[in-house]
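As given, the protein sequences belong to chains A and B, one line each in that order. Each residue of the first sequence is one higher than the one before, counting from 1 in this note's numbering. Each residue of the second sequence is one higher than the one before, counting from 1001 in this note's numbering.
Keep in mind the hints are simulated off the structure, nothing from the lab. Predicted, not measured: the structure shown is a model, and the values here were computed from it. Each hint should be verified, as a subset may be incorrect.
Cβ pair distances, simulated, as ranges [stated by the list, open to error]:
id: 1; chain 1: A; residue 1: 126; chain 2: B; residue 2: 1259; range: 31 to 41 Å
id: 2; chain 1: A; residue 1: 100; chain 2: B; residue 2: 1046; range: 48 to 58 Å
id: 3; chain 1: A; residue 1: 156; chain 2: B; residue 2: 1095; range: 17 to 27 Å
id: 4; chain 1: A; residue 1: 148; chain 2: B; residue 2: 1262; range: 41 to 51 Å
id: 5; chain 1: B; residue 1: 1061; chain 2: A; residue 2: 10; range: 31 to 41 Å
id: 6; chain 1: B; residue 1: 1251; chain 2: A; residue 2: 156; range: 48 to 58 Å
id: 7; chain 1: B; residue 1: 1262; chain 2: A; residue 2: 97; range: 29 to 39 Å
id: 8; chain 1: A; residue 1: 140; chain 2: B; residue 2: 1094; range: 30 to 40 Å
id: 9; chain 1: A; residue 1: 148; chain 2: B; residue 2: 1215; range: 44 to 54 Å
id: 10; chain 1: B; residue 1: 1173; chain 2: A; residue 2: 145; range: 18 to 28 Å
So these bits of chain B aren't anywhere near chain A, every CB distance computed over 12 Å [stated by the list, open to error]:
id: 11; residue: 1043
id: 12; residue: 1045
id: 13; residue: 1152
id: 14; residue: 1196
id: 15; residue: 1207
id: 16; residue: 1215
id: 17; residue: 1230
id: 18; residue: 1232
id: 19; residue: 1247
id: 20; residue: 1250
id: 21; residue: 1262
Each residue gets a CB set at the ideal place from its N, CA and C atoms; glycine is no exception.
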Amino acid sequence: MRGPRGKLTTAREAVERFVGDGAEVYFGGFGFMQAFALAHEVIRQRKTGLTVVREAGDILVDQLIGAGCVRRVITSHIWNPIGPSSAYCFRRAVEKGDPPIEVEEMGYGAISMALFAGAMGLPFMPTTEHVATGQFQHRSFLGDRKFQVIESPFSGEKVTLVAPLTPEVGLVHVQRADVEGNSQLAGPLGNIRYGANACRTIVVSAEEIVDKGLIQLSSNLTIIPGFRVAAVVHEPWGAHPSESFGYYDRDIHFAYDYSQQAHAREGFEAFLEEWVYGLADRREYARKLGEDRLSALVAVYRYQHGKDWPE
Amino acid sequence: MSRSASRFEMMLVAGARELRDCRRAFIGFHWPVIASRVARRLYRPDMLCAYEGGFVEDTLIETIPTSNNDLILAQKATMCGDSLDTIFMLLRAGWMETTMLDGFMVDRYGNINSTCLGDFAHPRVRLAGSGGATELAAFSKRLIILSSATTPDRYPERVDYVTSAGYLTGGDSRRQAGFMEGTGPTALINPLGRFCFDPESKEMYLEAVQPGVSAKEVRESVAWTLRVVDPLSEIEPATPVELETVRGELAKARERLYEMPKETFSTDSR
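Assemble the whole structure, with the sequences as input and the hints as a guide.
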C-alpha cells in the first residue's frame, strides 16, 4: 500500500474489519499511552466474548468489562491509579458475576516476558520466580500453559517459565506513524513494543500522521515496522484520559470522576452513554472535552506536538 | 508546625530515612513515591529512581505523580526504555540498592496480598492485583515495605493469596522455591513501628515503635503472636524540617487526588 493514503483508515473500519467477536485482543498501554480511542470503538461496536490481554489493566479494561465485551482477561492488575481507586466494573464482574468473566493473573514481569516470547518467536521465556505464589497456585483458563518450572541445565536452580502469548490482534496507540504503518513511540515504552509485536495483526492509532522522511530521520523511535501493521488510524487525543508522552498529561480529574461514576452500575452506564455510545468517534469526544480542558493538558516538556522531536 | 507528627506522617518520615544512604532506588506505587520525594529533599537530592514503566530519573520535579507510571515523572528522565529494562536489566540484575514497595496486606512471613480476600475464583473482595509488585518483591536485595494499615485484618497469620512473595512459610522456604539468594523483605514500616525478619525463622518481629506507641498496641494490630525485641527502641520523633517536608508533599498529593488515610488529619494528643 504505497498510495498517498496507504493503510490510513478510521477506527470504525479498522475495528469492524480486524476485531471479531471472541477474538484474543491485546490493548497497548501501561497507565500511559492507553489505546482508548480504539477501545471505545470496540465498545461502540458492542463486540463480545473477547479475551483481553493487557499487562496492566487500568480503567480501559474496566470499561470493556462493564460494557460486556469481555469473557476472559489475562493481566497483572486492574484498577484506577488515581486515588488509587477500585476498578468497579472489574470488581462487580469478579465478586458478583455481573457480567461473569474469567481472570488469569500473572506478575507484570511475567506477562511482559510471555509477550516478549510471543514477539520473538521463542517457545518460552524464563521469568520471575513464581513457585508458591498465588499466581502460580491459582490457575484459570491458561492452566498448564501459564507457568512451568524446570531445573536450570546450567546451575540446577529452579526456573519459572512462561509460554508465549500471541494475541490475534493488537490495538495500540503511538505518538506518530506514517501511512505505511511505521510506528514511533517516544518516552517510556512500558511493554508496548513487545506486546504489539507479539500480535498477529496490529492496528495502530497515532496522535500524528507524519511523512516517511521524518520516520527515516528518527528511526530508532520506531517500535513497529510498517509491514507488520494492518491499519493506521489518525486519532489525536487517542490515549485520553491517560497521557501521551510529550503531547498531553494524564487527565487525573477525568479518571477520578470516572471511578466516582462507575461505583454504581447505573453511573457506569450513564458514563458509557455520555462518552462512548453517544459519540460517533474520537473527534466528537475531543470536541466534547472542549478546547479549555484539552489545552490545560498539553504537555509542557519536550516532544511537544512534534516540534522538538529529533529530526 | 502547630502539632506533632501524626502516626501516618511518621510512617513517611521513617520511610524516607530508610533511603538516607541510598544512591539508586526502585520505587513502587503509592506511599513509596512520597517517601522517596521526602528522602530526596532531605538527604539524597541526587538519588536515582527507577520505575516499572521503563524509565530512570535523578531529578526531583515539583509536580507529584499520581502513580509511579505517571509520565509527568518522566519529563526529566535520563533513560526511557522498556519495562523489561528497568525490572530485569536494572533490578533483577542487581543494580538497585533499595526497593520500596507498598504492602496492602502483609502476613507473618512478609508475604503481601494485593489480589483478593477469600478464594481467587470467587473472592469476597477483589483488589487491584499484582502489577509489578510481584517482581519487586522477588528481585530486591533490600526491600522496604511501607503500609499505612494498622489493624489485624491487614496483618493476618497467612494471606489468602501471595501476590508478592516474602519468606513464604518461613525458614529457607523462599530459597527452596527458587528465589535468588539474598532477596526478600528487609523491613516493614507502618504508622505503629518498624518490623524486621528473624534471620533463621524469617518471622516478622517488632524492632522499634513509632513515638508514643506501646508494644501492646502493636501486638494487638497483628493477627499472630508478635515477637517484640527487648529492650524495645523508639523511632526518633520527626524533626521540624522532616515534618514540614512530609506535610508539604502530602499537601501536594491531595491536590493530585491522593486518597489519604483518615488518621492523617487527626490531631495527635501527645
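Hints and how they fare:
1. Distance hint check for residue 126 of chain A and residue 1259 of chain B: the Cβ-Cβ separation is about 38 Å, which falls inside the suggested range of 31 to 41 Å.
2. Distance hint for residue 100 of chain A and residue 1046 of chain B: a CB-CB separation of about 51 Å, consistent with the stated range 48 to 58 Å.
3. A beta carbon spacing of about 25 Å between residue 156 of chain A and residue 1095 of chain B agrees with the range 17 to 27 Å that was offered as a hint.
4. Distance hint check for residue 148 of chain A and residue 1262 of chain B: the Cβ-Cβ separation is about 45 Å, which falls inside the suggested range of 41 to 51 Å.
5. Separation of residue 1061 of chain B from residue 10 of chain A is about 38 Å and conforms to the stated range, judged on CB atoms against 31 to 41 Å.
6. For residue 1251 of chain B and residue 156 of chain A, the hinted distance range of 48 to 58 Å is satisfied, since their beta carbons lie about 53 Å from each other.
7. Between residue 1262 of chain B and residue 97 of chain A the CB atoms are about 32 Å apart, so this pair conforms to the stated range of 29 to 39 Å.
8. Residue 140 of chain A and residue 1094 of chain B have their C-beta atoms about 33 Å apart, which keeps the hinted 30 to 40 Å range intact.
9. Restraint check, residue 148 of chain A to residue 1215 of chain B: a C-beta distance of roughly 46 Å satisfies the suggested window 44 to 54 Å.
10. Judged by the Cβ atoms, the range 18 to 28 Å given for residue 1173 of chain B and residue 145 of chain A holds: they are separated by roughly 26 Å.
11. No beta-carbon of chain A comes within 12 Å of the beta-carbon of residue 1043 of chain B; the shortest separation is about 26 Å.
12. Residue 1045 of chain B, annotated as away from the interface, keeps every beta carbon of chain A farther than 12 Å; the closest lies near 20 Å.
13. Residue 1152 of chain B, annotated as away from the interface, keeps every beta carbon of chain A farther than 12 Å; the closest lies near 21 Å.
14. For residue 1196 of chain B, the non-interface assignment is confirmed: its Cβ lies about 22 Å from the closest Cβ of chain A, beyond the 12 Å cut-off.
15. Remark: the non-interface label on residue 1207 of chain B is consistent with the geometry, its nearest Cβ contact in chain A lying 26 Å away (cut-off 12 Å).
16. Chain A leaves residue 1215 of chain B outside its interface by the beta-carbon criterion, the shortest separation being 31 Å against a cut-off of 12 Å.
17. Every beta carbon of chain A lies more than 12 Å from that of residue 1230 of chain B, the smallest distance being close to 32 Å; the non-interface claim holds.
18. A cut-off of 12 Å between C-beta atoms confirms that residue 1232 of chain B is not in contact with chain A; the least separation is 32 Å.
19. No beta-carbon of chain A comes within 12 Å of the beta-carbon of residue 1247 of chain B; the shortest separation is about 20 Å.
20. Under the 12 Å C-beta cut-off, the non-interface status given to residue 1250 of chain B relative to chain A holds; the minimum distance is some 15 Å.
21. The non-interface label for residue 1262 of chain B is consistent with chain A: the shortest C-beta to C-beta separation is roughly 14 Å, beyond 12 Å.
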